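Participant: Chains S and F supply the protein sequences, listed in that same order. The numbering of the first sequence is our numbering, which starts it at 908 and goes up by one. The numbering of the second sequence is our numbering, which starts it at 908 and goes up by one.
Since the hints were derived computationally from the structure, they do not count as laboratory data. Heads up, some of the hints might be wrong.
Sample of chain S residues lacking proximity to chain F, with all beta carbon distances greater than 12 Å (derived) [unchecked claim]: (1) 934; (2) 1063; (3) 1111; (4) 1166; (5) 1167.
When the alpha-carbon atoms are kept at most 25 Å apart in a straight line, the in silico SDA-like pairs for lysine to any residue are as follows [as the list claims (entries may be wrong)]: (6) S:1007 <-> F:1171; (7) S:1109 <-> F:925; (8) S:988 <-> F:1099; (9) F:941 <-> F:962; (10) S:1173 <-> F:1092; (11) F:1173 <-> S:1112; (12) S:1022 <-> F:1095; (13) F:1000 <-> F:1099; (14) S:1080 <-> S:1110; (15) F:1000 <-> S:959; (16) F:930 <-> F:1173; (17) S:1022 <-> F:997; (18) S:1099 <-> F:990; (19) S:1096 <-> F:995; (20) S:983 <-> F:1173; (21) F:1000 <-> S:1072; (22) S:988 <-> F:1141; (23) S:942 <-> F:988; (24) F:963 <-> S:999; (25) S:1096 <-> F:952; (26) S:1140 <-> S:1064; (27) F:988 <-> S:1149; (28) F:1007 <-> S:1021; (29) F:942 <-> S:979; (30) S:1140 <-> S:1173.
The model shown is predicted, which means the values in this text are computed figures rather than measured ones. By construction, the Cβ of each residue, glycine as well, lies at the ideal position given by its N, Cα and C atoms.
2 protein chains.
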Amino acid sequence: MKVHEQFRAGQTVTLVDSDAQRKPLSSGDNAADKKQVEQLASQIADLQNLLYAEHKRKLLVILQGMDTSGKDGTVKGVFGKIDPLGIQTVAFKAPTQQEKDHDFLWRIHSRVPGKGELVIFNRSHYEDVVITRVHDWIDDAERLRRYAHIRDFERLLVETGTVVLKFFLHISKDEQKNRLEARLADPEKHWKFDMQDIEERKSWDAYQRLYTQAILETDTDHAPWYVIPADSKTHRNLAIAHIVLQTMQDMQLAYPPENPALASIKIQ
Amino acid sequence: MKVHEQFRAGQTVTLVDSDAQRKPLSSGDNAADKKQVEQLASQIADLQNLLYAEHKRKLLVILQGMDTSGKDGTVKGVFGKIDPLGIQTVAFKAPTQQEKDHDFLWRIHSRVPGKGELVIFNRSHYEDVVITRVHDWIDDAERLRRYAHIRDFERLLVETGTVVLKFFLHISKDEQKNRLEARLADPEKHWKFDMQDIEERKSWDAYQRLYTQAILETDTDHAPWYVIPADSKTHRNLAIAHIVLQTMQDMQLAYPPENPALASIKIQ
């Protein structure tokens, strides 16, 4: 079994607090785990060079999770060694009026990767089937229609050369409490604190239920979901780095073939 | 005199081959220079965190230069340590039909940084006053009008909170020959080779003349041009890193003030 398989959502996922603490890939030594994350991140950076040079396929990584689940930390820890030319991150915020005047995939579609590009979505269209339902902005019929729209949209991306990886960073309710308290305790982190996070936390159970459903309904072989235990930041990065690296290795990326015609060119 | 001043275009710039080889900031030891670039790049990455946290001002870095002048290498060497969340690079290519149907600043304006953002333009609107004139796609009257449009546009950006830095990476014609030949000699670099580069090289003198004029006409105190000797890759990075760091230090970036109201919040 490849490393990824154990995190695949499959058909049995339910988001349980205790699962957030699992560390199946850990060596037991946090310093050694961190060092391994660094090594994997370097290998990912090397393979991104090939993705760019190949200029054929596209890689889209979607990060979802509750507030403080570590989406930003994942970007830095797993993708931080990539040449800035080779990576774009898109942080989707609450939609603007113009975005709301379009279908929910309109603004998403405009930011997907082109040939040779690696794009990270920090939040995504999955907010539009979860937060929207928690707040009763859409009903269940609309929610179910959106799952189908998402499956179709992601199949379009995959059939036109995009590899799609979806990660749910799964933290426990207690760990979120710790992280919110840490932000409050550190004046330098006050700018990161949003009162809305406290409000959303009150709907914790509804979020867990709706994420579970969203994951089950949209976990496909072409665009798989991985549920990553994320109470440990190091192990979260370790698991995601493993899966990203394995995926890029499976893509068998390579430099384009050399061009023999170039041998005879003389530069004046 | 601050380090940057000696590279400011001022009113006297003319692009002379021998100037491309200057290394005024070098310690004389290439390994030591490289190490210093690494240190400066780390400091730039730290200050970018403050720019992001402050969420008030914006930083736009424009890179121009002849083919092989090292624009990509600058992005990696000077900005490569920045958290991917905090940097966007935009590589402007030949305009699409839709872009051509708009004014030349339309596609540029859509990609400028927002609050807290650092954006690197790898090529820019300056192509539209240089390459367009070399090929006679515009006449001199239009070229002069565009300088004025550029000055006005950049003043808009600056007066609305953007710091604009413009770098011309100045290589000699001999050094370009070396670099093109190196691409031809290495099959792994064939994908980087573009026959068009050979064509453009034939107009070397026209390019040097038009870049000189463009720089003189658009070097302003609010959006200065720096002409960077770029035959040495290490020294190029050293000079640019110095200027970027000095500029960010002068911005006096700081975390937003702490919020005393947060002290009384209890997380349930």
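Participant: Indicate, hint by hint, whether the structure satisfies it.
Facilitator: Okay, the hints, checked on the actual structure:
1. Under the 12 Å C-beta cut-off, the non-interface status given to residue 934 of chain S relative to chain F holds; the minimum distance is some 26 Å.
2. Non-interface call for residue 1063 of chain S relative to chain F: holds, since the shortest CB-CB distance, roughly 22 Å, exceeds 12 Å.
3. A cut-off of 12 Å between C-beta atoms contradicts the statement that residue 1111 of chain S is not in contact with chain F; the least separation is 10 Å.
4. In this structure residue 1166 of chain S is not separated from chain F by more than 12 Å, as the shortest Cβ-Cβ distance comes to only about 5 Å.
5. The Cβ of residue 1167 of chain S does not lie farther than 12 Å from every Cβ of chain F; its closest approach is about 9 Å, which violates its non-interface assignment.
6. Of the supplied pair hints, the one linking residue 1007 of chain S and residue 1171 of chain F is violated, its CA atoms being roughly 36 Å apart against a limit of 25 Å.
7. Straight-line distance between C-alpha atoms of residue 1109 of chain S and residue 925 of chain F comes to about 67 Å, which puts the hinted pair past the 25 Å bound.
8. Between the alpha carbons of residue 988 of chain S and residue 1099 of chain F the distance comes to roughly 22 Å, so the proposed pair stays at or under 25 Å and holds.
9. About 32 Å separates the Cα atoms of residue 941 of chain F and residue 962 of chain F, which puts this hinted pair outside 25 Å; it is violated.
10. Of the supplied pair hints, the one linking residue 1173 of chain S and residue 1092 of chain F holds, its CA atoms being roughly 11 Å apart against a limit of 25 Å.
11. For a cut-off of 25 Å, the pair hint linking residue 1173 of chain F to residue 1112 of chain S stands: about 19 Å separates their Cα positions.
12. Proposed proximity of residue 1022 of chain S and residue 1095 of chain F is supported: the alpha carbons are some 19 Å apart, at most 25 Å.
13. Only pairs whose Cα atoms come within 25 Å are accepted, and residue 1000 of chain F paired with residue 1099 of chain F is accepted, the gap being roughly 14 Å.
14. Simply put, residue 1080 of chain S and residue 1110 of chain S have alpha-carbon atoms about 11 Å apart, close enough for the 25 Å limit, and the pair holds.
15. Distance restraint check for residue 1000 of chain F and residue 959 of chain S: the Cα-Cα separation of roughly 16 Å lies within the 25 Å cut-off, and the hinted pair is therefore satisfied.
16. With a C-alpha separation of about 58 Å, the suggested pairing of residue 930 of chain F with residue 1173 of chain F is violated against the 25 Å cut-off.
17. As the CA atoms of residue 1022 of chain S and residue 997 of chain F are separated by approximately 15 Å, the hinted pair is consistent with the 25 Å bound.
18. Distance restraint check for residue 1099 of chain S and residue 990 of chain F: the Cα-Cα separation of roughly 16 Å lies within the 25 Å cut-off, and the hinted pair is therefore satisfied.
19. Of the supplied pair hints, the one linking residue 1096 of chain S and residue 995 of chain F holds, its CA atoms being roughly 23 Å apart against a limit of 25 Å.
20. Annotation: proposed proximity of residue 983 of chain S to residue 1173 of chain F is violated, straight-line Cα distance about 29 Å (limit 25 Å).
21. A hinted pair counts as satisfied when its Cα atoms are at most 25 Å apart, and residue 1000 of chain F with residue 1072 of chain S does not qualify at roughly 29 Å.
22. Taking the CA atoms of residue 988 of chain S and residue 1141 of chain F, the gap is near 20 Å; set against the 25 Å cutoff, the hint holds.
23. Between residue 942 of chain S and residue 988 of chain F the CA atoms are separated by roughly 18 Å; this keeps the pair inside 25 Å, and the hint holds.
24. Between the alpha carbons of residue 963 of chain F and residue 999 of chain S the distance comes to roughly 19 Å, so the proposed pair stays at or under 25 Å and holds.
25. Pair hint residue 1096 of chain S plus residue 952 of chain F holds up; C-alpha atoms about 18 Å apart against a cutoff of 25 Å.
26. Taking the CA atoms of residue 1140 of chain S and residue 1064 of chain S, the gap is about 30 Å. The hint is violated against a cut of 25 Å.
27. The suggested pairing of residue 988 of chain F with residue 1149 of chain S holds, with an alpha-carbon distance near 22 Å, which does not exceed 25 Å.
28. Proposed proximity of residue 1007 of chain F and residue 1021 of chain S is supported: the alpha carbons are some 21 Å apart, at most 25 Å.
29. Between residue 942 of chain F and residue 979 of chain S the CA atoms are separated by roughly 28 Å; this puts the pair beyond 25 Å, and the hint is violated.
30. The suggested pairing of residue 1140 of chain S with residue 1173 of chain S is violated, with an alpha-carbon distance near 54 Å, which exceeds 25 Å.
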